[in-house]
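**Student:** So you can see what is in the structure, the chains are spelled out below.
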Amino acid sequence: MNSAGNNPPPRAGRALPRASSALPWALVTPALGWTLLFFVLPFIAMGFSSLTAHEGGGFTLSNYSQFFTNPSYWQAMVNSLQVTAIVTVISVLLAYPFAWILAEQVPERWQRLALMLAVLPFWTSYVVRSYSWLLVLAQNGVINRALTGSGLFAEPLQLANTRFATVTGFVHFFVMLLTLTIFANLKQLSPSYRKAAADLGAGPVRTFLHVVLPLTLPGIMVGAFLTFVLCIGDYITPQILGGNNELLMPQLVMMQIGRRGDFPLASALSIILMAVVTIAYFACARWLKIERA
Amino acid sequence: MTSYPLSILKTHLRAATAAAALLLATGARAADLNALIWCDHADPALLQPFQEANGVKVNVKEFEGTGAGLAIVEQSQPGDWDVMVIDSIDVPRGVEKGLFEPLPEDKLPLADLFPQVKMDGSTVVGGKRYGITEKFGYNTIGYNKTKVDPADMQSMAALTGDKYKGKVAIYDYYLPVIGMAALAIGKKTAELTEADLPALKDELLKMKANAKLVGEVTASQTALATGEVDILVGGGEWVTAGLAKENPALDFSIPKEGAVLWSQSLAMFKDSKNKDMALKFIQYIMSPEGQARLATSSCYWGMPANTKAALTDDQKKVLRFDEQPGFLARAQAYPAPNADLDKKMQDMWTEMLQAK
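Protein chains in written order, with this note's numbering: chain A, 1 to 293; chain B, 1 to 356.
No lab work stands behind these hints, which were simulated from the structure alone.
Note that the Cβ used here is the ideal one computed from N, Cα and C, for glycine as well.
Among the hints, a few may not be true.
[Said to hold, decoys possible] SDA-like, lysine to any residue: derived pairs with alpha carbons at most 20 Å apart:
{"no.": "1", "chain 1": "B", "residue 1": "K343", "chain 2": "A", "residue 2": "P156"}
{"no.": "2", "chain 1": "B", "residue 1": "K201", "chain 2": "A", "residue 2": "P71"}
{"no.": "3", "chain 1": "B", "residue 1": "K344", "chain 2": "A", "residue 2": "S65"}
{"no.": "4", "chain 1": "B", "residue 1": "K165", "chain 2": "A", "residue 2": "N140"}
{"no.": "5", "chain 1": "B", "residue 1": "K356", "chain 2": "A", "residue 2": "V78"}
{"no.": "6", "chain 1": "B", "residue 1": "K343", "chain 2": "A", "residue 2": "G141"}
{"no.": "7", "chain 1": "B", "residue 1": "K356", "chain 2": "A", "residue 2": "R163"}
{"no.": "8", "chain 1": "B", "residue 1": "K356", "chain 2": "A", "residue 2": "M77"}
{"no.": "9", "chain 1": "B", "residue 1": "K344", "chain 2": "A", "residue 2": "T60"}
{"no.": "10", "chain 1": "B", "residue 1": "K206", "chain 2": "A", "residue 2": "S72"}
{"no.": "11", "chain 1": "B", "residue 1": "K356", "chain 2": "A", "residue 2": "W74"}
{"no.": "12", "chain 1": "B", "residue 1": "K344", "chain 2": "A", "residue 2": "F68"}
{"no.": "13", "chain 1": "B", "residue 1": "K201", "chain 2": "A", "residue 2": "N70"}
{"no.": "14", "chain 1": "B", "residue 1": "K167", "chain 2": "A", "residue 2": "N70"}
{"no.": "15", "chain 1": "B", "residue 1": "K167", "chain 2": "A", "residue 2": "G141"}
{"no.": "16", "chain 1": "B", "residue 1": "K343", "chain 2": "A", "residue 2": "I101"}
{"no.": "17", "chain 1": "B", "residue 1": "K344", "chain 2": "A", "residue 2": "A53"}
{"no.": "18", "chain 1": "B", "residue 1": "K201", "chain 2": "A", "residue 2": "T69"}
{"no.": "19", "chain 1": "B", "residue 1": "K344", "chain 2": "A", "residue 2": "S72"}
{"no.": "20", "chain 1": "B", "residue 1": "K344", "chain 2": "A", "residue 2": "H54"}
{"no.": "21", "chain 1": "B", "residue 1": "K165", "chain 2": "B", "residue 2": "V124"}
{"no.": "22", "chain 1": "B", "residue 1": "K147", "chain 2": "A", "residue 2": "N140"}
{"no.": "23", "chain 1": "B", "residue 1": "K344", "chain 2": "A", "residue 2": "I257"}
{"no.": "24", "chain 1": "B", "residue 1": "K167", "chain 2": "A", "residue 2": "T162"}
{"no.": "25", "chain 1": "B", "residue 1": "K201", "chain 2": "B", "residue 2": "K147"}
{"no.": "26", "chain 1": "B", "residue 1": "K343", "chain 2": "A", "residue 2": "Y64"}
{"no.": "27", "chain 1": "B", "residue 1": "K107", "chain 2": "B", "residue 2": "V124"}
{"no.": "28", "chain 1": "B", "residue 1": "K343", "chain 2": "A", "residue 2": "T162"}
{"no.": "29", "chain 1": "B", "residue 1": "K167", "chain 2": "A", "residue 2": "V78"}
{"no.": "30", "chain 1": "B", "residue 1": "K163", "chain 2": "A", "residue 2": "Q158"}
{"no.": "31", "chain 1": "B", "residue 1": "K344", "chain 2": "A", "residue 2": "Y64"}
{"no.": "32", "chain 1": "B", "residue 1": "K165", "chain 2": "A", "residue 2": "T162"}
[To be verified] Using C-beta positions, here's what the derived DEER-type ranges look like:
{"no.": "33", "chain 1": "B", "residue 1": "T226", "chain 2": "A", "residue 2": "P24", "range": "56 to 62 Å"}
{"no.": "34", "chain 1": "B", "residue 1": "N54", "chain 2": "A", "residue 2": "F164", "range": "48 to 54 Å"}
{"no.": "35", "chain 1": "A", "residue 1": "V142", "chain 2": "B", "residue 2": "L205", "range": "30 to 36 Å"}
{"no.": "36", "chain 1": "A", "residue 1": "V89", "chain 2": "B", "residue 2": "K275", "range": "56 to 62 Å"}
{"no.": "37", "chain 1": "B", "residue 1": "E191", "chain 2": "A", "residue 2": "A275", "range": "38 to 44 Å"}
{"no.": "38", "chain 1": "B", "residue 1": "Q77", "chain 2": "A", "residue 2": "C284", "range": "42 to 48 Å"}
{"no.": "39", "chain 1": "B", "residue 1": "T226", "chain 2": "A", "residue 2": "M116", "range": "32 to 38 Å"}
{"no.": "40", "chain 1": "B", "residue 1": "P150", "chain 2": "A", "residue 2": "S132", "range": "31 to 37 Å"}
Assemble the whole structure, with the sequences as input and the hints as a guide.
**Tutor:** Okay, here's the thing in structure tokens:
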């Protein structure tokens, strides 16, 4: 018997005790304080900075207008969106079957170990992992040696310092993230849905396409959105693996800070990047919740 | 001085975190020496003898790029920092902001410095010395002499020709590489104007078309060391000397067009609470022993500014110490554009990076 069963429900119109109304606020205050201190205040500071002239400090919109009038800046956003879209799609396509195998094919007692193995790449330093990929993809790296050694190619391919390398580094990381979110969604899916579909004459493919996939869409979208957010704001991977053969938005932001210390322009570019993430959020907001199926 | 509300608010927001940030970053105590440095000054082999001799702890914070360094200072409380390593050409930026203390010339070994690297045009402002050059080198052509013909490396034409297409990396710092592009088209680095930008851009695009990557220090070093590329545009002793033991095939040339001279200076903060110790630190770094340790720092090697640096014969050979008079005669100054031209140069660099 739960405790609620011992207490009479509050009468209509009667005020709740003071302690019960204060408790939720007390519990949520640390989180609110944290958000205020480490998100809201910095964001306001960044907003003010973005409206300040680098030289002189007066009010200006030029930091924003530069983005829309300089084709190289605009191109950085296009590059970022392209890379992020490619990474997200490839990661979903790889992670879904992986998560499905983990959830459906691996015996329950081995699933914990399998999951741990799946997330092993998270345990290594992000920078070290990126440099490792650089060595793997290098002209004298493992892949090129295998390709030339086997006679498939006479000359080594240029794999490192390309968009391909950046995407590879990202996908390696985000497949794990997506696998976790999709796996959690698949495990929450009641087996009765599939039984009901089978009872109604649906084969495995039809059941997957019309029952399982739609019900796991929230898990896919949550993982895809996280991938989008983390990927579009990442500086390390494109900087190490891309060879600066194209610039992405985070690299453009960092470039403004290094020598010239142009924090106003860097702030404006960061806010534009945040605006894109916000648009992406609203575009997939309806799926960004995982409900127990 | 005009105060804008946005600037005032920004200053207050920055100040709110400044003291805590410094304490968190360095665990500083009042008696310590707090130094804003480049990575070569973080080498324990350089700092330890000074700390032991003076019974002081040197708290260091590394930064890359003058803008980032000055931002750290702006976000700190006056007196938080004692000394700073800065691009010699950027000393006036610190002076303009009222950050630096004039240095006592009579207590520094200025007479022992290579005359060409004193950089008085930058380190002396209004008749007062605010910086002293501690280390220098060249942004030129670094290469693997077993993979390329060293004779080809005597001309910058090799960087844009077809012979080494796809075998080239470019150091990712716009000022020195733009300086090299200027030398390649016959311009003097100290006289660059906005009118030169189209020709410089063409030259940069030709270099980019030949390049496999444009990399910062570690990436370009790694590319040259692992054989990913055979030539590094903007490379020099700072890339090859430190790797000489592991890879003696790496070398650098000063081509017939010349090279770009880079130099780093030490400056003391006006608000330092430990000026005597700060001066002692600068004197130590400029001493023959300090200069040798700084020149061969684990992060990167470079030429000591002091001609009396206590380097071994082997170290001098790797740094090509005896060839310096000839190199210096052919080297040109680091481009030092004003703020407007600097911005335009950086945007030109961005265009070059985005070019397919």
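**Student:** Among the hints numbered above, which are violated by the structure, and what are their numbers in rising order?
**Tutor:** Those not satisfied are hints 1, 6, 14, 16, 21, 25, 28 and 29.
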